[in-house]
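Given chain E, work out where chain Y should sit, using these hints.
Read off the chains here:
2 protein chains.
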Amino acid sequence: MSDHHGHHHTEEHLQSSDLLRDVVIGMSDGLTVPFALAAGLSGAVSTSGIIVIAGIAEIAAGGIAMGLGGYLAGKTEQDHYDSELKREYEEVERIPEKEKQEVKDFFESIGLSEELQNKATEEIAKDKKQWVDFMMKFELGLDMPDPKRARNSALNIGVSYIVGGIIPLSPYFFIENSKEALKFSVVATLICLFVFGYFKSKITGVPVLSGALKVMLIGALAAGAAYGVALLFK
Amino acid sequence: MSDHHGHHHTEEHLQSSDLLRDVVIGMSDGLTVPFALAAGLSGAVSTSGIIVIAGIAEIAAGGIAMGLGGYLAGKTEQDHYDSELKREYEEVERIPEKEKQEVKDFFESIGLSEELQNKATEEIAKDKKQWVDFMMKFELGLDMPDPKRARNSALNIGVSYIVGGIIPLSPYFFIENSKEALKFSVVATLICLFVFGYFKSKITGVPVLSGALKVMLIGALAAGAAYGVALLFK
Numbered sequence: 308m309s310d311h312h313g314h315h316h317t318e319e320h321l322q323s324s325d326l327l328r329d330v331v332i333g334m335s336d337g338l339t340v341p342f343a344l345a346a347g348l349s350g351a352v353s354t355s356g357i358i359v360i361a362g363i364a365e366i367a368a369g370g371i372a373m374g375l376g377g378y379l380a381g382k383t384e385q386d387h388y389d390s391e392l393k394r395e396y397e398e399v400e401r402i403p404e405k406e407k408q409e410v411k412d413f414f415e416s417i418g419l420s421e422e423l424q425n426k427a428t429e430e431i432a433k434d435k436k437q438w439v440d441f442m443m444k445f446e447l448g449l450d451m452p453d454p455k456r457a458r459n460s461a462l463n464i465g466v467s468y469i470v471g472g473i474i475p476l477s478p479y480f481f482i483e484n485s486k487e488a489l490k491f492s493v494v495a496t497l498i499c500l501f502v503f504g505y506f507k508s509k510i511t512g513v514p515v516l517s518g519a520l521k522v523m524l525i526g527a528l529a530a531g532a533a534y535g536v537a538l539l540f541k
Numbered sequence: 308m309s310d311h312h313g314h315h316h317t318e319e320h321l322q323s324s325d326l327l328r329d330v331v332i333g334m335s336d337g338l339t340v341p342f343a344l345a346a347g348l349s350g351a352v353s354t355s356g357i358i359v360i361a362g363i364a365e366i367a368a369g370g371i372a373m374g375l376g377g378y379l380a381g382k383t384e385q386d387h388y389d390s391e392l393k394r395e396y397e398e399v400e401r402i403p404e405k406e407k408q409e410v411k412d413f414f415e416s417i418g419l420s421e422e423l424q425n426k427a428t429e430e431i432a433k434d435k436k437q438w439v440d441f442m443m444k445f446e447l448g449l450d451m452p453d454p455k456r457a458r459n460s461a462l463n464i465g466v467s468y469i470v471g472g473i474i475p476l477s478p479y480f481f482i483e484n485s486k487e488a489l490k491f492s493v494v495a496t497l498i499c500l501f502v503f504g505y506f507k508s509k510i511t512g513v514p515v516l517s518g519a520l521k522v523m524l525i526g527a528l529a530a531g532a533a534y535g536v537a538l539l540f541k
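As they're listed, the protein sequences go chains E and Y. Residues in the first sequence are numbered from 308 upward in steps of one, following my numbering. Residues in the second sequence are numbered from 308 upward in steps of one, following my numbering.
One chain only, chain E, in its complex shape (with noise of 0.2 Å):
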């Protein structure tokens, strides 16, 4: 949602908001089904090969599968609006005493009083535009979406999930014994995690230590359950 008014803090959530959200995505699926998913293998075959490939087919499918996946979506949400936008300029048109009573009906959700309720309504109305971009941002709840955000949030979310995900699988390249990778997988996947974890929290503005051990911990029991049921299904 974006907001045209905002404080100093406000502005700063948004300007990274669209970007950090596409990585945050990526790399966070990307650092931790890998990761899982490799120590789940360990735990069911000896040798690092078979890992590689799991593992590689897994980033590639990933990445594809989140990057379009995000292109799609704010495709949709273009969509969407444009649908929303000309079914709303038909209802100015042909019910527009439903309509206003609409716009009526918000400036009486927020408190203010019905004189200013009618009045404010017949100020609204007398621009077709400005009725139409009322409703939908108002009514509906939906703000214009940037054509150029779809494109952008599904390279970023695609290479965010493939950067991630190299970093689980990079020891299973170079240690042929799965056990052994493994343990340089779990310290370098879980600090990441970490780092990775401390950086959200601190942008999304919760508490710094606590977001990051959380997501160190989704990515531990994730790689846990991976590797029980792999030794239970092997």
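Be careful, since some hints might not be right.
The list makes no distinction among identical chains, and a pair is therefore deemed to hold if it is satisfied within one copy or across any two copies.
[Said to hold, decoys possible] List time: in silico DMTMM-like cross-link candidates among lysine to aspartate or glutamate, alpha-carbon distance up to 20 Å:
| # | residue 1 | residue 2 |
| --- | --- | --- |
| 1 | 426 | 415 |
| 2 | 411 | 422 |
| 3 | 509 | 389 |
| 4 | 382 | 450 |
| 5 | 521 | 386 |
| 6 | 411 | 429 |
| 7 | 426 | 412 |
In short, the hints are calculated from the structure, not lab data. This one's a predicted model, so the numbers in the text were calculated from it and none came from an experiment.
Coordinates of chain Y only, in the frame set by chain E:
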């Protein structure tokens, strides 16, 4: 984003949107990534045993990562809301004129006259709770989060991921030859992705056929890429 003044079409979107969003996120990733992983491994190994283990490890890891991820995202949203709420209460005490100016700026931005901007601002600022609620919603763009939401979201996403992931993996349980199992997996998964994409598009209000095809295409591309890189690294 909530909407308390909506048309019938908006309200329909709303009732299902939270659960739907979770199931869509969980199932789409669950169908796509384990499918692509299994397909990729089918290009590199000839028996299904290791693919089942890798797939199960991935589903467990992904389900936990997405479920816990969803839970923490909900918690973070709640914490962020609470800390911004506290800050707004402090600011209307400490710098009321600046905060009033921001209310006025909002009314200016939607197109009200100078006279109504001032009158409406005075009415909003009469009641401190009403004033802060207004700032939260229209200055910061924050809706009050639903406290049960984080827990439910986690469960919905995690379970949806596991359910989605079992579908592409199931042929490998019964068919020892991985290339044979892959054929059934491809058919079953692409059908599920199409059906899933159809309903997803229907509910999000985009053209259903192209929406369904897009979801299916993502799955196919991810699986193809995974197959390709697994062959390459074999």
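Hint check results:
no., hint, in the structure
1, 426 to 415, "both (12 Å within a copy, 14 Å between copies)"
2, 411 to 422, "both (10 Å within a copy, 18 Å between copies)"
3, 509 to 389, "between (35 Å within a copy, 16 Å between copies)"
4, 382 to 450, "within (14 Å within a copy, 24 Å between copies)"
5, 521 to 386, "between (36 Å within a copy, 14 Å between copies)"
6, 411 to 429, "both (9 Å within a copy, 18 Å between copies)"
7, 426 to 412, "both (13 Å within a copy, 18 Å between copies)"
Of the numbered hints listed earlier, not one is contradicted by the structure.
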